[in-house]
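Engineer: Sequence:
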Amino acid sequence: MGIVAIALASTGALMLSGCAGGAETSAEGSAIITTNGTEPQMSLIPTNTTEVGGGKIITSIFAGLVSYSASGEIQNEVAKSIESDDATNWTVTLNDDWTFTNDEPVTAQSFVDAWNYGALFDNAQGSSYFFDNIVGFSDVQNSMDDPSGAVGEDGAPMQVGDPLTDGMSGLKVVDDTTFTVELAGTEADWPLRLGYSAYSPLPSVAFEDMDAFGQNPIGNGPYMLASADAWQHDVQIDLVTNPNYAGVRTPKNDGLTIIFFASFDAGYAAVQGGDLDVLDQIPESALASYESDFPDTFVNEPAAVFQAFNMPYYLEHWSGEEGKLRRAALSMAIDRAEITDVVFQGTRTPATDFTSPVIAGYSDSLKGSEVLEYNPEEAVALWAEADAISPYTGTFDIAYNSDGPHQAWVDAVVNSVKNTLGIDAVGKPYPTFAAAIDDRDTQALTGGTRAGWQADYPSLYNFLAPLYKTGAGSNYEGYSSEAFDTLLTDGAAASSVEEATAKYVEAQEVLLQDLPTIPLWYQNTSGVWSDTVSNVEFGRDSVPLYHEITKN
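Numbers given in our numbering equal positions in the sequence shown, counted from 1, plus 31.
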């Protein structure tokens, strides 16, 4: 999410202003679980939700073909089977006992319509690139600039901007419970990605007014919105269990209240005071004390979360050979080991690649990874080489959202850069995540920007394609490399996981040369919970498995 991405495009728990309390909102005696969250950046449409705050809501109220266990294994949800003889042409068969919360059946058409909507260029969905391996994707990514008298299927004249096609030709509905997918090439692990929220189905009512639907979505997941006004913007969202849910994530509670705290400190205090059940990230102020504060109710374990900061290519001094030298100098000027020990109290691990140690295929010995090691002498030498091309003047800054726990590490990074390179370096706080991401979207940054990725699905590819592939939805800073794109495509088309992994390793070695992002560390799942709840378990993406939590 990713976000993530994260994905967020950027990841980490990114808190927006809201109430500081966690009162249950349901009838007295019901088992509503209270937890922290963030105000979603966009309306709640699965194909346009790419950040953590909206993502944890989307995955709670929608169910796709598959979902993921705590360890990242796929398990069937709406899908009865996903089969292929050649890893290119796939047949998806659905279970026939699924409905949306408005009682509309979940059918093959529900998936095909939703995926086509997500892919269509004119709909400008943030996750459209997740469909780029389906035959016909390139057609729906183009609109007609010159209709030249063409007519649509209804016989009406086509207008400028009308789509060339109603949908991807690689998607075909066979019957209510069967559809086929033709991929542009072999992809043996294609089913692995299908638990990501972008692949959710949509009811027909969504297409009547997608903006309105996104404010009060109708899903088919384990939870549903408690009422038409359940989403109190910048405050919280109230979810209750879906009585018709037919999957493997059946809730053991009555619902969720996800509260948008102004800070992690406020959320931590709420757990301590018994006003919040679960907090999925520990504030900087409590890193030294959370184990003693919650001796039996804390977690600190590896997660599929990567953190970094990016340097936009559109800024002077940060492109071409000069930019490559400066990126390497910055990376070698940062003492990751000291920062993870001192600032994060061991809840982070210095990065050696662009993925995560909990993902199959991870490597800590990539060619060129020495650029991620603290080497002040080499950093100074590289910076001097860059200055010989064009002298650097002014202040170097790293943008971050101050409503999340970022100031301490940003200050530590810029101080490391300042002390090593002898330049003026500062953190640049934005009041909210939304404000920070807006400047990334509009290319209005003046320096670096904190970044990261929380896995959408457990694959090396998911850490690479959305962030660094040319034109990808979360490639905000404009990186483009033909060599990287080719290796990524070759890996996706490999006939075995081993062959794919080898290509993804090579692709990362290209990234180590170019450094479109400066890898910093891997984030652990680090959270606490009150003695008001039991059976708290976190997934490989650091998000609690809400459906498993029980109220004491």
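Treat the hints with caution; some may be incorrect.
[To be verified] Here are the simulated lysine-lysine pairs, PhoX-like style, with alpha carbons at most 20 Å apart:
no., residue 1, residue 2
1, Lys398, Lys534
2, Lys398, Lys355
3, Lys111, Lys203
4, Lys534, Lys283
5, Lys449, Lys355
The hints are simulated quantities; they were obtained by calculation from the structure and are not laboratory data.
As the structure is a prediction and not an experimental result, all values here were calculated from the model.
Engineer: Evaluate each hint against the coordinates.
Structural biologist: Hints versus structure:
no., hint, verdict
1, Lys398 with Lys534, "holds (13 Å)"
2, Lys398 with Lys355, "holds (17 Å)"
3, Lys111 with Lys203, "holds (17 Å)"
4, Lys534 with Lys283, "violated (42 Å)"
5, Lys449 with Lys355, "holds (19 Å)"
Hint 4 from the earlier list is the only one contradicted by this structure; the remaining hints agree with it.
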